[in-house]
Amino acid sequence: MTEFRYRCRFLLVTLIVLLALNGLMVRLVYLHFRFGEGDERNTRLMETRHLESELLVARGKIYDCRGNTLALDIVKKEVCADPFLIVSNKCEKAVAENVSRLLNTDPEGICDKISRPRRRFVYLGGYGRTLESEQAASLESMKLPGVFMRDMMVRSYPQGRSLCHVLGYVNFDLNRAGAGGVEQKWNKYLHGVQGLLISELDGRRRELYDRRVLEVRPKQGADMTLTVDYYVQYVVERALENGVRENRAAGGWAIVERVKTGEILAMASFPNYDPNNFRNASVETMRNRCIGYIYEPGSTFKMAVVAAALNEGAVTPSQIFDCENGAWIYNKRPLRDFHPYGLLSVADIIKKSSNIGAAKVAVLLGEKRLYQYLRAFGIGRATGIELPGEECGLLHPLPEWTSLSVTRVAIGHEVAVTALQMLQVLCAIANDGVLMQPHIVRSVRDQDGQVLFEQKPKFVGRPISQETAMEMKRILARVTEEGGTGCRAHVDGYSVAGKTGTAQKAVQGGYSDALNMASFTGFIPVDDPQVAIIVVLDEPSAAIHTGGVVAGPVFREIAGEIVRYLDVPPDKVTVAEGKMEEKSQI
Amino acid sequence: MANKNRKKRIQGFVIPLPAVAVLVAAMALLLGYVGLDVRSKALGAKIKSLELQQVELQKSYDLELWKWERMKSPSNIEKMLSRYNCAMIWPAEGNIVRLREPESVASARSIYKQQLAQISRPGKPVLHD
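Chains as they are written, first to last, in the numbering used here: chain A, 1 to 586; chain B, 587 to 715.
Chain A on its own, in the form it takes in the complex (with noise of 0.2 angstroms):
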C-alpha cells in the first residue's frame, strides 16, 4: 500500500515537472515561431532591439613644423532634453533655471522648448552648442530629470585666435566640412570616413557584442604638418597688432617665408577671428589678406622694376638720372615724389624711393620688356600656394597699357597684387634670381604613417641672373641704412635689404588723398639670406604714414626676434653705440 502511495506521488510530481517544463517549451516555440502573432509584434521588437548607429570618426590633426598641435578633435557634451519626461516630473521651471544659468541663456526659451510634452527630444542650447568639461560636471551632478547629455565631436584650435586665416574651420553641420584655409582645401584628406555598425541591444540598452551583424571601423582623417612654425607665427602676430594699434590702422597683414626653399613660415592678417566660436564672426574677420586682397604695391614695386632694367643691361647702379626737383611732366602729366631730388644713381633711386628716377628707368627699360619681367616675377597670376582663395592680381596687357601706363606702373600703380606675389619678387631677388613656389604644407600621412602626399621645394622660374641679384641685394640693402627710406627696419647685428612702399589707396573716380597703404618688404641677412619679411598696413592713421615710419618697426620687431629664434648667426657685431662693423665668418 505504501509502495503504491509513493508510486502515485512520484509520477504526480514528475508529472507536474513535466506539465511545467511542456510550458516552458510551448512558450519558447511560441516565442521563436511566433504562432497566432502578426508581423507587427516582431517588427516593434526588432525595431526595439535593433541597432544602427554611424560611428564617429574624428577629421585628421594639423601640425606645426615643430609637431604642435594646431588644429584636433575633441569629443565635447551638448545638452539634450526629452520635454515629455520633465513635464511628466513638473520640473519645466527648476530645469529651465538651470540650464539656462550654465549655457548663459534666457530661461524663458528654454521654457519654451521643454514645454511641449509630444516631443521626446530637443537640442537646449541649439545645435553644435557645447558644453566645457567642468559645465558638464556641473550639469551631471544636478541629475535634472528629463535632461542629457550627449557626445558630440567638436574642432578645436588650442592656439585660438593665432594662424585663424591658414587654418580656416570645420562647419557644424553632419558632413563637417571644412570652411576657409587648409580645412577647406585639404578637406579630402583632413575628412576621413565614417564607420557604421549595426547589431542588436540587450533590455538595457547595452550592445549584445555577439549579435554584431556589421561593424565597419571608422577611417580617421589624415594628419597634416604644415611648414607653419606657430613661435614665428605668434611673434608675426603679437608684432603686427602692435603695430595696427600704435597707427590705428584699419588692419594689417604679415608673411614670414623661408628664402631658399619658398615654405611659408608665418602667414597672418588682423583683424582676425576664432575659429573655435567662427559662428559670432564677421566675414570680413575672416578674409585671409595676404593672399586674398589685392593692392598697389606703390614704390614696393620700384625694385622689380629696376631689377629687370639691370638684367636687361639697360641701366648699371651707378647710372645717374636727373629726378628734377621733385616734379616731372611726362606726356602731359604731373608726376611727383614725395621729396625733391635732383641727380640720383639707380642705386640712390631705390635708396630715396624716388618715383621720377624709377620712371625714368622704366621708359629706358620699355614697356614691352617691363611687361614680360613682371610676368616673369609672377605678377598678375596665382602662385599656387595651397590655400583657398587667392586672389591673380592685376597686371592689365599690354596693349590695353597707356602712354603713362609704364611711368605709372615703375612706382606700383595701374598694377595690383597680394602680399605674397610682392614677397615672391623680393625672394626672387634674395634667391639669387630663383623664383621657387610658395607652400604652406609640408606633407599629409594616414593613420598608418603612410605618406599620402609631400611638399619638396619646386622651382618655378629665374626672372634675373644671379649677377643682377647680387646687384640688387647691394642696392636694397642702402635703403635701410642711414639716409634710407627704411632705415627704421635695420636691425642690431644684422644687414637688412628691403624697401618700402607708401601706396594712395584706389577710390572711386582717383586715388584717395588720405587713405594709403604703408608696406615694407626685406630679407636678412643680405649675404645669406635666410627668410624674407613682408608687412603691410592698411589706412594708418598716424602723422606720419609712410611704409618706412609705420611697417619698418614692425618688420623690425618681427625679423629681430625671429633670426635669433632661427639661430641665423649674426653677420655685423655692434662695437659702439651706432657704429657697424664687419665681423669675420667663424
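The set of hints was computed from the structure by calculation and includes no laboratory data. Think of the CB as a built atom: it goes at the ideal place given N, C-alpha and C, for glycine as much as any other residue. Among these hints, one or two may not hold up.
Unchecked claim - Label-pair ranges, simulated between beta-carbon atoms: (1) ARG66(A) <-> LYS653(B): 17 to 25 angstroms; (2) LYS188(A) <-> LYS653(B): 56 to 64 angstroms; (3) ARG375(A) <-> SER668(B): 24 to 32 angstroms; (4) GLN640(B) <-> ALA137(A): 44 to 52 angstroms; (5) ARG375(A) <-> GLN640(B): 26 to 34 angstroms; (6) PHE453(A) <-> SER661(B): 26 to 34 angstroms; (7) GLN640(B) <-> ARG205(A): 18 to 26 angstroms; (8) ARG245(A) <-> ILE663(B): 19 to 27 angstroms; (9) ASN325(A) <-> SER661(B): 45 to 53 angstroms; (10) ALA631(B) <-> ASN277(A): 39 to 47 angstroms.
What the hints assert, rightly or not - In silico DSS-like links for lysine-lysine, alpha-carbon gap of 30 angstroms or less: (11) LYS219(A) <-> LYS61(A); (12) LYS653(B) <-> LYS61(A); (13) LYS473(A) <-> LYS456(A); (14) LYS665(B) <-> LYS219(A); (15) LYS634(B) <-> LYS219(A); (16) LYS188(A) <-> LYS632(B); (17) LYS632(B) <-> LYS645(B); (18) LYS634(B) <-> LYS185(A); (19) LYS658(B) <-> LYS634(B).
Starting from the known structure of chain A, fit chain B onto it as the hints suggest.
Frame of chain A; chain B shown alone:
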C-alpha cells in the same frame, strides 16, 4: 532451474546502453555548447568593455592634448611669465657658444681661439641671460 532463471531476471525498466550513450553524448554536446556560449558571451562583454574603455581613453587623451597645447602656447607662457613679473630675453651674442663639427684638429683649435676671444671681449654686463 526455474528459481535460477527468476534470480537472473532484472527488475524494472533498463535503459538500453546505446540510448545511454546517445544521451551522454547529447548531454556532453549540450554542456559544451552552453560552456562555449557562456565563454563567448563573456569574451564579447570583455571586448565591448575594452572598446568602450579605448574610446574613453582616446577622448581623454585628446582632451588632455588640447589642454596641454593651450598651456604651452607662446601667448599663454608669456601671460604666465608676466603674471609673476618675469621677462625672458634672448642671450647676448657674446654669451652663445656655437658648436660646429670641425674639419680638422687645427681648425677646431682656431675656432676655439676665435670663440674664446669673442667671449672675453669686454662689453656691457648682461643681467638676465
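Right, here's what the structure says about each hint:
1. ARG66(A) <-> LYS653(B): 17 to 25 angstroms: For LYS653(B) against ARG66(A), whose Cβ atoms are near 19 angstroms apart, the range 17 to 25 angstroms holds.
2. LYS188(A) <-> LYS653(B): 56 to 64 angstroms: Violated, since LYS188(A) and LYS653(B) (Cβ atoms, about 30 angstroms apart) do not stay within the stated range.
3. ARG375(A) <-> SER668(B): 24 to 32 angstroms: Given about 49 angstroms between the Cβ atoms, the range is violated.
4. GLN640(B) <-> ALA137(A): 44 to 52 angstroms: The hinted range 44 to 52 angstroms is violated for GLN640(B) and ALA137(A), with Cβ atoms some 22 angstroms apart.
5. ARG375(A) <-> GLN640(B): 26 to 34 angstroms: Violated: the Cβ-Cβ distance is about 56 angstroms, outside 26 to 34 angstroms.
6. PHE453(A) <-> SER661(B): 26 to 34 angstroms: 30 angstroms, holds
7. GLN640(B) <-> ARG205(A): 18 to 26 angstroms: 20 angstroms, holds
8. ARG245(A) <-> ILE663(B): 19 to 27 angstroms: 22 angstroms, holds
9. ASN325(A) <-> SER661(B): 45 to 53 angstroms: Cβ of ASN325(A) to Cβ of SER661(B): about 50 angstroms, so the range 45 to 53 angstroms holds.
10. ALA631(B) <-> ASN277(A): 39 to 47 angstroms: At roughly 42 angstroms between Cβ atoms, ASN277(A) and ALA631(B) fall inside 39 to 47 angstroms, so the hint holds.
11. LYS219(A) <-> LYS61(A): 13 angstroms, holds
12. LYS653(B) <-> LYS61(A): 15 angstroms, holds
13. LYS473(A) <-> LYS456(A): Holds: LYS473(A) and LYS456(A) sit about 26 angstroms apart, inside 30 angstroms.
14. LYS665(B) <-> LYS219(A): Judged against 30 angstroms, a Cα distance of about 39 angstroms means the pair is violated.
15. LYS634(B) <-> LYS219(A): Holds - the C-alpha atoms of LYS219(A) and LYS634(B) are around 19 angstroms apart, at most 30 angstroms.
16. LYS188(A) <-> LYS632(B): The given pair, whose Cα atoms are some 36 angstroms apart, is violated under the 30 angstroms limit.
17. LYS632(B) <-> LYS645(B): 20 angstroms, holds
18. LYS634(B) <-> LYS185(A): Not satisfied, since the Cα-Cα distance of roughly 37 angstroms exceeds 30 angstroms.
19. LYS658(B) <-> LYS634(B): 36 angstroms, violated
Consistency with the previously given hints fails for numbers 2, 3, 4, 5, 14, 16, 18, 19, ordered from lowest to highest.
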